[in-house]
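So the sequence lines, in the order shown, correspond to chains A and B. Take the first sequence: its position 271, counting from 1, is numbered 280 in our numbering, and each next residue is one higher. Take the second sequence: its position 143, counting from 1, is numbered 165 in our numbering, and each next residue is one higher.
It should be emphasised that the hints constitute simulated quantities derived from the structure, not laboratory data. In this text, a Cβ means the ideal position worked out from N, Cα and C, and glycines have one as well. Among the hints, erroneous ones may be present.
[As the list claims (entries may be wrong)] Not everything, but these chain B residues come out facing chain A in the computed CB check (under 10 Å): (1) Leu136; (2) Leu151; (3) Val249; (4) Gly389; (5) Gly395.
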Amino acid sequence: MKHIKSYIVLGLLLVSFGAIAQNQNAIRLNEVLVINENDFQDDFGQQNAWFELFNSSFGTVDVGGCFLSDDINNLQKYRIPKGDITTKIKPRQHALFWADCQPNRGTYHVSFNLEPGRVLYFVAGDGRTIIDQITIPDLAPNQSYGRTDDGLGTVDGSGEGWEVLSHTSPSGSNGTVDGETKSQKMARIDPYGWIMAVTAMSVVFSALIILYLIFKQIGKASIRRSSKKTASSNASDEVKAAAAEAAKTEGVSGEVYAAISTAFHLYCEENEAHDEESFVVTLQHTDRSYSPWSSKIYQLRETPQLKRK
Amino acid sequence: MENIIINLKQFWQYTGFANCNYQYLIMIAIGIVFIYLAITREWEPMLLVPIGFGIIIGNIPLFAGLNVGVYEEGSVLNILYQGVQRGFYPPLIFLGIGAMTDFSALISNPKLLLIGAAAQFGIFGAYALALLIGFTPSEAGAIGIIGGADGPTAIFISSRLAPDLMGAIAVSAYSYMALVPVIQPPIMRLCTTKKERLIRMKPPRPVSPTEKKIFPIVGFLLTAFIVPSGLPLLGMLFFGNLLKESGVTRRLANTASGPLIDIVTILIGVTVGASTQADQFLQLKSVKIFCLGALSFVIATFAGVLFVKFFNLFLKEGNKINPLIGNSGVSAVPDAARVSNSVGREYDDKNYLLMHAMGPNVAGVIGSAVAAGMLLGFLA
Chain A
10 MKHIKSYIVL GLLLVSFGAI AQNQNAIRLN EVLVINENDF QDDFGQQNAW
60 FELFNSSFGT VDVGGCFLSD DINNLQKYRI PKGDITTKIK PRQHALFWAD
110 CQPNRGTYHV SFNLEPGRVL YFVAGDGRTI IDQITIPDLA PNQSYGRTDD
160 GLGTVDGSGE GWEVLSHTSP SGSNGTVDGE TKSQKMARID PYGWIMAVTA
210 MSVVFSALII LYLIFKQIGK ASIRRSSKKT ASSNASDEVK AAAAEAAKTE
260 GVSGEVYAAI STAFHLYCEE NEAHDEESFV VTLQHTDRSY SPWSSKIYQL
310 RETPQLKRK
Chain B
23 MENIIINLKQ FWQYTGFANC NYQYLIMIAI GIVFIYLAIT REWEPMLLVP
73 IGFGIIIGNI PLFAGLNVGV YEEGSVLNIL YQGVQRGFYP PLIFLGIGAM
123 TDFSALISNP KLLLIGAAAQ FGIFGAYALA LLIGFTPSEA GAIGIIGGAD
173 GPTAIFISSR LAPDLMGAIA VSAYSYMALV PVIQPPIMRL CTTKKERLIR
223 MKPPRPVSPT EKKIFPIVGF LLTAFIVPSG LPLLGMLFFG NLLKESGVTR
273 RLANTASGPL IDIVTILIGV TVGASTQADQ FLQLKSVKIF CLGALSFVIA
323 TFAGVLFVKF FNLFLKEGNK INPLIGNSGV SAVPDAARVS NSVGREYDDK
373 NYLLMHAMGP NVAGVIGSAV AAGMLLGFLA
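Chain A on its own, in the form it takes in the complex (with noise of 0.2 Å):
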């Protein structure tokens, strides 16, 4: 039992370190900008190089533990600080870290510097599973280096889906800064709502046609099964005589069987056929103990019966 209760224990430590790590497989490398000259700057008035993280997801993300680096030699070149609170990243949101070599200056100040040619990495808070990684290009001033839209593309540092960006959007989206809502693109493309309602009408009719086909089959299926227990069925003559009976009566509708045994009834009651009533309906009290516990309609299932055939 205290062996099932560790395996238990381990089982679930498994799942929840497994599922910190799917989050962490959310965290993008996002944008990057090498020489600053006039653009963002940090808490301390400075200007230097920066690179951005974006949280994929749908779900917050702690990259607190997490690793940053430029060397894959040492993928644990700068370990983002557990415990701050600010490392959670909410969902689709970007943290900003400045590449500085000043880690003393906070959480948000890594170990190193950025150069051109260099590969940065973002590695999971095992150290040795690599995430993201980008190798950075030659770039202009204050020109900055990101993935078209966040979050899309590789992450094997191909360089697919990145480009030079227009404008450097430090904490930012890098393809929506000026872009639509769902809503505004709608109106945009369907001003009067035609497309939306035969797409729409579209996939409603298709989903239910195709649960209308898969329950006609398994209609039939299920027709052809009770035809085939039936026929298989070891019945005496009798029996059979009576099935063959019913299923000539087949069709005939319930209202018919009401008539018949309303007319059979009120025969009998002319011809006073039943026994007298009484007429009289009392209740008796009896003294029973009644706890829940032990009710039968309380339990949460009915006890498991062998049934043989």
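Position chain B against the provided structure of chain A, taking the given hints into account.
Relative to chain A, chain B alone:
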């Protein structure tokens, strides 16, 4: 003595009488009308009584800073309203709906699913009309969903697409759901001939328990894979149905379809009602929303009935569908199905359409959830 008078004057400033204006009185009157209709006419009393009383609660004139109003952060009403604002009441209601819905009519005759799809034209017709009169696509999507005739879905979608319009949309959706017996019959008569109204449909075949168990799983997988944005509603709807049909979770199904849905209905009704504060609600936009809501129900009914007539062109004699069940494609379970039945019996007293109409009726719930997912996917 002077101090007492000053105190009394100050107290007077705190009262609702001192802060009252005609807008609050109009809203209170609307709340009373809702309660009156619910009690005397029995129009959706489970919804109109809580909403009506909620309207009264939300329109008691208050002075700012008392921290009791539904829009004042941290107030009790505001905390209860979070379920509407953040959208966790509607999926819980869908759980209950799933647990109390019998999909047998649909499973036995799955072609009725298509009627549920056709009636969703109401949503997109109203969407197009809303765009035409100047609403933004997000607002138009939230307004259009009224045509789904599904209160929880309307609240869920409007809380995401147009939170400012949620009060008007929710009240409009529930009001028109209550008015289904008034809105639909004239359209049904207008679109059908006497011969069509007399069509008798084949009795549904018995559905095996296995089919009933498979339905929520397959239904969920399929619809959720097609429209993942409808996951909260579709997931809870089919999960509730699985609780019912599995046969081994009777207690959970009973809770979902009984106490749980009752509690959430009370909370959603009162808070939606309370959210219709006069200053937020009495605007020209609300009037437009009410007009578009009515039109969406009309379009949905037309689409459902006309689709059945079109569908009948391809069906053999004896398999034809009575077009009077076309109106049931709008969700409004089970009122729309009841309307089909009562209109059908006006022309043939022995023609019971209720069970047939339940097919498109529950298909409408699935269809409106899928349509809601589409709106979220395109506009949220």
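Okay, the hints, checked on the actual structure:
Taken as an interface hint, leucine 136 (chain B) checks out: its beta carbon lies about 6 Å from the nearest beta carbon of chain A, inside 10 Å. At a threshold of 10 Å, the smallest CB-CB gap from leucine 151 (chain B) to chain A is about 8 Å, leaving the interface hint in force. Taking 10 Å as the C-beta contact cut-off toward chain A, the hint placing valine 249 (chain B) at the interface holds, the least distance being around 7 Å. With its C-beta approaching chain A no nearer than about 5 Å, glycine 389 (chain B) sits inside the 10 Å limit, and its interface hint holds.
Residue-level restraint check for glycine 395 (chain B) holds (minimum Cβ-Cβ distance to chain A is 9 Å; threshold 10 Å).
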